[in-house]
Structure formats: C-alpha cells, structure tokens
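There are 2 protein chains.
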Amino acid sequence: MLAAWIDGVRGESVSLSDRALHYGDGAFTTIRVRAQQGCWIDAHLQRLQQSCVGLCLPKPDFAQLRTEIEDAARVESAGVVKVLLSRGDGARGYAPQGAPGRRMVFAYASPELDASTYAQGLQLRYADLVLSQQPALAGYKHANRLEQIMARAEWDDPTIADALLCDVDGRVVSATSANVFARFGNELRTPSLVRAGVAGICRQHVLQSPPPGFSVTVTDMHRDALGTADELFLSNCVRGIVPVRALGDHGYASMSVARSLMRALHPALGLPVY
Amino acid sequence: MLAAWIDGVRGESVSLSDRALHYGDGAFTTIRVRAQQGCWIDAHLQRLQQSCVGLCLPKPDFAQLRTEIEDAARVESAGVVKVLLSRGDGARGYAPQGAPGRRMVFAYASPELDASTYAQGLQLRYADLVLSQQPALAGYKHANRLEQIMARAEWDDPTIADALLCDVDGRVVSATSANVFARFGNELRTPSLVRAGVAGICRQHVLQSPPPGFSVTVTDMHRDALGTADELFLSNCVRGIVPVRALGDHGYASMSVARSLMRALHPALGLPVY
Numbered sequence: 002m003l004a005a006w007i008d009g010v011r012g013e014s015v016s017l018s019d020r021a022l023h024y025g026d027g028a029f030t031t032i033r034v035r036a037q038q039g040c041w042i043d044a045h046l047q048r049l050q051q052s053c054v055g056l057c058l059p060k061p062d063f064a065q066l067r068t069e070i071e072d073a074a075r076v077e078s079a080g081v082v083k084v085l086l087s088r089g090d091g092a093r094g095y096a097p098q099g100a101p102g103r104r105m106v107f108a109y110a111s112p113e114l115d116a117s118t119y120a121q122g123l124q125l126r127y128a129d130l131v132l133s134q135q136p137a138l139a140g141y142k143h144a145n146r147l148e149q150i151m152a153r154a155e156w157d158d159p160t161i162a163d164a165l166l167c168d169v170d171g172r173v174v175s176a177t178s179a180n181v182f183a184r185f186g187n188e189l190r191t192p193s194l195v196r197a198g199v200a201g202i203c204r205q206h207v208l209q210s211p212p213p214g215f216s217v218t219v220t221d222m223h224r225d226a227l228g229t230a231d232e233l234f235l236s237n238c239v240r241g242i243v244p245v246r247a248l249g250d251h252g253y254a255s256m257s258v259a260r261s262l263m264r265a266l267h268p269a270l271g272l273p274v275y
Numbered sequence: 002m003l004a005a006w007i008d009g010v011r012g013e014s015v016s017l018s019d020r021a022l023h024y025g026d027g028a029f030t031t032i033r034v035r036a037q038q039g040c041w042i043d044a045h046l047q048r049l050q051q052s053c054v055g056l057c058l059p060k061p062d063f064a065q066l067r068t069e070i071e072d073a074a075r076v077e078s079a080g081v082v083k084v085l086l087s088r089g090d091g092a093r094g095y096a097p098q099g100a101p102g103r104r105m106v107f108a109y110a111s112p113e114l115d116a117s118t119y120a121q122g123l124q125l126r127y128a129d130l131v132l133s134q135q136p137a138l139a140g141y142k143h144a145n146r147l148e149q150i151m152a153r154a155e156w157d158d159p160t161i162a163d164a165l166l167c168d169v170d171g172r173v174v175s176a177t178s179a180n181v182f183a184r185f186g187n188e189l190r191t192p193s194l195v196r197a198g199v200a201g202i203c204r205q206h207v208l209q210s211p212p213p214g215f216s217v218t219v220t221d222m223h224r225d226a227l228g229t230a231d232e233l234f235l236s237n238c239v240r241g242i243v244p245v246r247a248l249g250d251h252g253y254a255s256m257s258v259a260r261s262l263m264r265a266l267h268p269a270l271g272l273p274v275y
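These protein sequence lines are chains A and B, in that order. According to my numbering, the first sequence is numbered sequentially starting from 2. According to my numbering, the second sequence is numbered sequentially starting from 2.
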C-alpha cells in the first residue's frame, strides 16, 4: 500500500469497531490509474452508489470521494486506487441501523502484468468450489469474499492464472476476480449475474460496445457450452481484457475479439495492446 | 467496546491492510463472561480451531489466545469477550497464501437482557431474505455476515426480537444471531447446518444434553412444520436459551423445555433462570 485515507484523512489503521472488519459489511471498487488519473471514475462511482442502495449502506459524499480518488491517483507510482465503503462503526450485533458509514481510499502500485499473458492468453481452471446463489447480493462488489478466497486457495501453481466459478446448476458465473466472455461465431455471451457474481465495470464496457460485427448477450451459460466456444476472454478494470489460452485441457485457438477489445479499451486504461 | 488486543497488544485500531476489513476474511466467536471468567472457553477455542481448518486460516497459538480471553474477561464490567481471527495483512488479491494471521480480542459490556423476554418469550418474524446454500462455509462462524445484516435490516420494530431465516427450499436454518429448536411432543428438532447457518456453542450444549425424557434430532425442517410445533426456542452463547412467544401471528403456549434448559445451562452462563 502506498497511501490511504479514511474519511479524507491520511492514515494507516482503522477503528477496531468497523463493521467491514467484523462482518465484511461494506462494498468496494478497484480503479486503474493511467498517467496519474483514475480510469472510468464515473462508472466506478455509479457502481458504488448502486452498492450503497442495494446493501442499504450509508451514502458518502460522492463529490468528495471523487476528489479523494483523484488525489490518490496522483500518488507517485500509483497504479490502482481502491475505494472501500464500510457501514462504519458499530460491531456489536448485526443490526445496521444508525451506523455512520466510513469511506476508505487506498493507492497501490499496479500488479505485475505479464506481456505473454496478453499475447498468448492465460491458463484457466475450473474451481472445485461451487458458488452459492444469493440474488440479494448478486451483482454488487460487496466485501463478503470468502467464496472467492476459498476458490483462489485451491491452487498455487503459478502457471494457472485464475479459476472459473460455477453455481450448483453448472452455470458459469465468473473467474475469481474477473468477468468472463465466450465467443460463438459472431456472438459474444457473458453470464447473467442475477444469482451470483460481480457486475464488473470492464464487462459493462464490453456490453455497451461490442466490436463491430459482433453481438453480445447476457445469458445463462452452462459450463458444458464453453467446450464449443470459439474464444474465451476475461474482463477486469485493472487487467483489462485478457485472452484465455486454455481452460483445463481445452485449448482456444482464437483471440480475435479479445485483441479487438484490447485495441478499443486498453489505451484508456493505460494498458498495452498485444 | 471496553478494551481490545491485537496479537496480544492493547490497541484501538487495526492495519488498513487487514483481510477481514477488505474481504470479511476471518472467523469469530462471542463468549459470555460470568464473574470475570469466560464461559465455555474450551468449546469456543475448539470451534475457532475448526474454523481455521475449514477456512484455511492461519492457526493462532491457542494457549496464548486462551490467556488473552481470560485477561479480557477480567476487564471491569466485561460481559462479552469476542475473538476475531483474521487472515492478517495482504489485501491486494484474493489469494490467501502466505498471509500471517491476526488475532483480535475484544471486551464488551453485556447486551441488555430483558427479563420479560425470558419469562414470556420473544416475538419472532420470518425474514424476507432467503439464505444462500454454501456447504463450503456452512457451520462456521465466519466473518461474511452480509446476509444476516440484510435480514436484520428488514425491520426496526423493537417488539420484534429476531427473524428466522430459511433457504430457497423453505428449510428453516436459524435466527439472524441464534440457533433455533422446535419441540414436537418429547422430541426436540434443530435444523441441519450442512448447507447454511452457524453451529452455535449453546446449540451444541443442547444437543449433548437434552432435558431428561426428551430426544433431540438434527434434521431438515421445513418452515411449514413449525406451525405444528408445541414449543420454539432460540439458543445463543450470550443470551442463553430464549423461549419464543410467537412467530409472526402463530403463538406458542408452552415454554416447558426452554425453562428446563434455562435451569440447566443459565447458571454456568451467569444468566438468570425464569
């Protein structure tokens, strides 16, 4: 961590009564920094706002939060700004009524991005963990992430970049920290997130602007269907568009749409195009 | 909060890199204090140990933790000691590997306990929120508690003490912060927690020692079945055994087993018997 602010004040620690600490009672977003500026800040703020509504979290002053994100992005070497909105202090009992809210803004260095991952695609696996279905939380980037942590704990082979998570009915939901798209001919498909998963900002960009000549559909997608896809790629605000070379033993030869989306989206994210 | 210790050191705040803060990446337990001593400490430590195994959390030194719990229980006016074991620092990315663990011990005053609740029973409602099914997390008192928070946010009528949570198949799981038992004649039944819920220490005591003449069964229990129960009560380590007067509009006249269990368990918890 390069720097952090709590309700606008620089700090390194947070109250032991914070409800995010005790219960994961909060929501967050992770913003890529390009040339000392946060990328897609409007969309990130809007999603935080939706999370506040959906989780009944106290709403921060979003104008002030924007300024804080901009300040954090100007920290030397910052590559990522994370915002964590917690319900604030009040850690005895689940009743959320009256908690004042707390906004935390963090500046981090960018994670290492391996050129070969973009050029040749990454290796995925299926997670053994089966995602639960919880429509009341689905879509939000809330701070209850034990399922993703448990799934990510299943392997430590560094050649495997991420895992695909499915629900109990075998529907694909997402990777542990990215959304997933599959291409079938001229159609892109990405899982519906009404039961589980996080509606990513980068996914939103793909949904709004598929490459010319391609349609994009939000749909239920059974894991068996991925075997017949022509191409697979992940989307994430920090890593951008990442092609998938193989899912388990099944290889994907094409990366054409992923490359096209890299050309369209990566310049705004300060990410290289391969 | 009366006092808190982080890894044995008194403090009021915790590192902003703690994974419990960012992801709810931890487990906890809440211990009743009687005469400056923690009640049922062995069982609480054993459950924390099980949580560490189940969630792949780093194991603390449990002998040291026991000493810290005992110290916290001796704080003036302490009524509850909470232990929160987080995975420790490392808040960029879900991968849990290598996080060092962090133990937090808190002394709190006892919550107010209303004599009439024990004497006449409490009013329950059904939560609108439907609990998700996640066998990988079920049973553990982990720090991902947004479902319970959302359920508890559904009402603020102070005459309603708690809500019963069911899963998508209509099976009763628990109250938001207590386990539930139903009596049918001479048989006590409590929900199986293999898909959702927290295996409470007080529940364990009831399972191990039902009142003479009664059997106790862990079973799937559909919400419709509660309409035909003779008696309903909740169990919780801080509040003990609490009879249920009514669930929604449906009243329960009998509190006989709840009273019998109060007599058996409350003295050890320093709780009154009604």
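Be aware that a few hints might be false.
Reference listing, derived: stretches of chain A covered by chain B, where coverage requires no fewer than 3 residues with Cβ under 8 Å from a Cβ of chain B [to be verified]: (1) 9-19; (2) 23-29; (3) 97-106; (4) 254-263.
For the record, the hints were derived by calculation from the structure and aren't laboratory data. All residues carry an ideal CB built from backbone N, CA and C; glycine is no exception.
How does the segment 254-263 of chain A fare against chain B when you require at least three residues with a CB closer than 8 Å, holds or violated?
Answer violated; 0 residues pass the 8 Å Cβ test.
Quick one: see if chain B covers the segment 9-19 of chain A, three-plus residues with Cβ-Cβ under 8 Å.
Since 8 is at least three, the answer is holds.
Given as covered by chain B, does the segment 23-29 of chain A meet the bar of three residues or more with CB within less than 8 Å?
Check passed, 5 qualifying residues.
Whether chain B covers the segment 97-106 of chain A (at least 3 residues having a Cβ closer than 8 Å to its Cβ atoms):
Three-residue rule met by the segment 97-106 of chain A, so holds; n is 3.
Hint check: a violation occurs at hint 4 only; the rest are consistent with the structure.
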